[in-house]
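Chains as they are written, first to last, in my numbering: chain G, 1 to 336; chain R, 1 to 160.
Honestly, the hints are just simulated from the structure, not real lab data. Careful: at least some of the hints might be erroneous.
[Stated by the list, open to error] Which residues of chain R face chain G? A few of them, derived with a C-beta cut under 10 Å, are:
id, residue
1, R21
2, T70
3, Y88
4, R89
5, E97
6, L101
7, A108
8, N136
[Claimed, not checked] Rough simulated footprint, nothing fancy, chain R against chain G, three-plus residues with beta-carbon under 8 Å:
id, stretch
9, 53-63
10, 247-260
Here a beta-carbon is modelled for each residue, glycine too, at the ideal position from N, C-alpha and C.
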Amino acid sequence: MRVIGIETSCDETGIAIYDGQRRLLAHVLHSQVALHAEYGGVVPELASRDHVRKVLPLLRQVMAQADTRAADIQGVAYTAGPGLVGALLVGAAIGRSLAWAWGVPAVAIHHMEGHLLAPLLEENPPDFPFVALLVSGGHTQLVRVDGVGRYHILGESLDDAAGEAFDKTAKLLGLGYPGGPALARLAARGNPQRFHFPRPMTNRPGLDFSFSGLKTQAVNSVKQHQDDQARADIAYAFQEAVVDTLAIKCQRALRETGLQRLVVSGGVSANTLLRERLRDMTHELGAQVYYPRLEFCTDNGAMIAYAGYQRLRAGQSEPLAFFAVPRWSMNDLAPP
Amino acid sequence: MSILINIHIAQEHDMLALGARLGGCVASASGKPCTVIFLHGELGAGKTTLVRGFLGGMGYHGKVKSPTYTLVEPYQFGARQVYHFDLYRLTDPQELEYIGLRDFLENAAIFLVEWPERGAGHLPPPDLDIYIDYANAARQVSFAPHTIIGVEIVAQLNTA
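So here's chain R without its partners, still in its complex pose:
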């Protein structure tokens, strides 16, 4: 599945808008039990900002706290759960067992995972990888889908 699209983001507002579009695409594309999206990017790249836009796109307008400290923040949309994970503080992927990752995976939910490399070997494979790279003060966002769901999300994003 080697579709890869790039989007140029000039400022925070554009990242929120992209997140909102993505949220809409994921909500309509994901029919299977879980949708797993990995978010890659350095500190300050805008991963949590993208998630804030994503949740806004799904209709959530409350605070979107960084989950760095709590490791995961849950959001409920009717019957639908979104889990915003941030694995920055993990010292070993095995700690995901102690925070009960497997219990979370039993839910039909959307998983947005920041710093997934810190959970390597203990996370389910992603439907979609999103890379946020610095382009001076702006950002370059790339999407790499790995499953049918991932491809569907990216295809919708291209037309949305």
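Chain G with its partners taken away, still in its complex shape:
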């Protein structure tokens, strides 16, 4: 079975083709297209959220790359939520219409389910069940994954996502926005002894996160200490606090569930200190940690094509009416 996946829930337009036998055949993001050629000179930043004009050129490109004709497609998957309703409706309308025109089934996919299943696109995928940490600019969530459609949210951020706290603190330190990776580089020459930031919500039970207070703490420190070395020292203390908090909660999640596999995805999973800390922590527990390749840690079409393949293969499909759900809890999903 060969499935097209369409992702338009927020900034990125991503399209991919997944084949049950040959696995991922092709995937593209809008940034990979010659924007000027396709847009007649529109400034790319302005077009960054203009999914309508990007989907069809991307679709043609991905089909050419996968050497796939319309007749080869046996199903269409699109992100139906959560996200911006207008952006979601673009993908949903085009995805549902294509499926109807081609006479194949369509399936609506939860964006976060795509992220949870993304590591299964890799060569040595984790077996179910596993604990997943999704940590990016938009999300910080711990989820127990028992199978496709069998998810239980263990904890999540009550305010800012970890990546957002990274990016905003980087901005406060004069590193531009988004500057999470730049903050990590600055932290490398920080003095570990100078500042100590709290580990929010680690001294009480539970697996929820809160990172907004760390941002405010960084503001206060920046206002009080203007020297250049202080910026590096604050970056150090901030990164330590976020990474430590994430590692403590992951450890707690593995212990509480008794599971041995941890999957980490999202842009922040590229952070070197986080990877070191999680490697040591899982090693101590005798557990394994898995990461999808970096390009599938951020929003992409491949994860939607894969999740769609799993659900379509199990016989799930949508009626002709399509929908978009801006606010949609993963706890509401069911197996196909």
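Take the given structure of chain G and dock chain R to it, following the hints.
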């Protein structure tokens, strides 16, 4: 409409309480289709904290995620919608067209907008501007109403 009031906020808890009072005042004052409130303040000033209190004051007690990444988070209170916008990530005000701002404005809703200056020229005029300024570790919150609704909200806030 040059009424301007200032409130001193010592800690996060006080910001939540102010937000809750404001939520109550807005809910009872806004009879017209839309109420638009702009929230001004630097990173970490407490704009989202004020909104969390606001939504709590209207009876919402779930998570109030920062909308920085998603640009807007919707909340439903019976027939009433609240949209919490955060335009921090906009690179050009014109992007509001792509995220469907005009569709949102068709609803009779309360709009709480962080970083409104990044949407300049594409946002409706505000009923009320709220400024949150740093006062060392504390905050100074000022209210500048621009319409009858805005004045009514501030007047209620003064007596609440």
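Against the structure, the hints:
Hint on R/R21 is violated. Least Cβ distance to chain G is approximately 21 Å, over the 10 Å limit. Interface hint status for R/T70: upheld, as the beta-carbon distance to the closest one in chain G is roughly 6 Å, under 10 Å. Against a cut-off of 10 Å between C-beta atoms, the interface hint on R/Y88 holds, since the closest Cβ of chain G lies about 8 Å away. The restraint placing R/R89 at the interface with chain G holds, with a minimum CB-CB distance near 8 Å, inside the 10 Å limit.
Interface restraint check: R/E97 against chain G, minimum CB-CB distance 9 Å, threshold 10 Å, status holds. Because the beta carbon of R/L101 sits about 9 Å from the nearest beta carbon in chain G, less than 10 Å, this interface hint is met. The interface hint given for R/A108 is violated, since its Cβ lies 17 Å from the closest Cβ of chain G, which is over the 10 Å cut-off. Because the beta carbon of R/N136 sits about 8 Å from the nearest beta carbon in chain G, less than 10 Å, this interface hint is met.
For a cut-off of 8 Å, the count of residues in the stretch 53-63 of chain G with a CB near a CB of chain R stands at 0, and the three-residue condition is violated. Given a C-beta distance limit of less than 8 Å, the hint that chain R covers the stretch 247-260 of chain G is violated, as 0 residues qualify and 3 are needed.
The structure fails hints 1, 7, 9, 10 (numbered hints given earlier, in ascending order).
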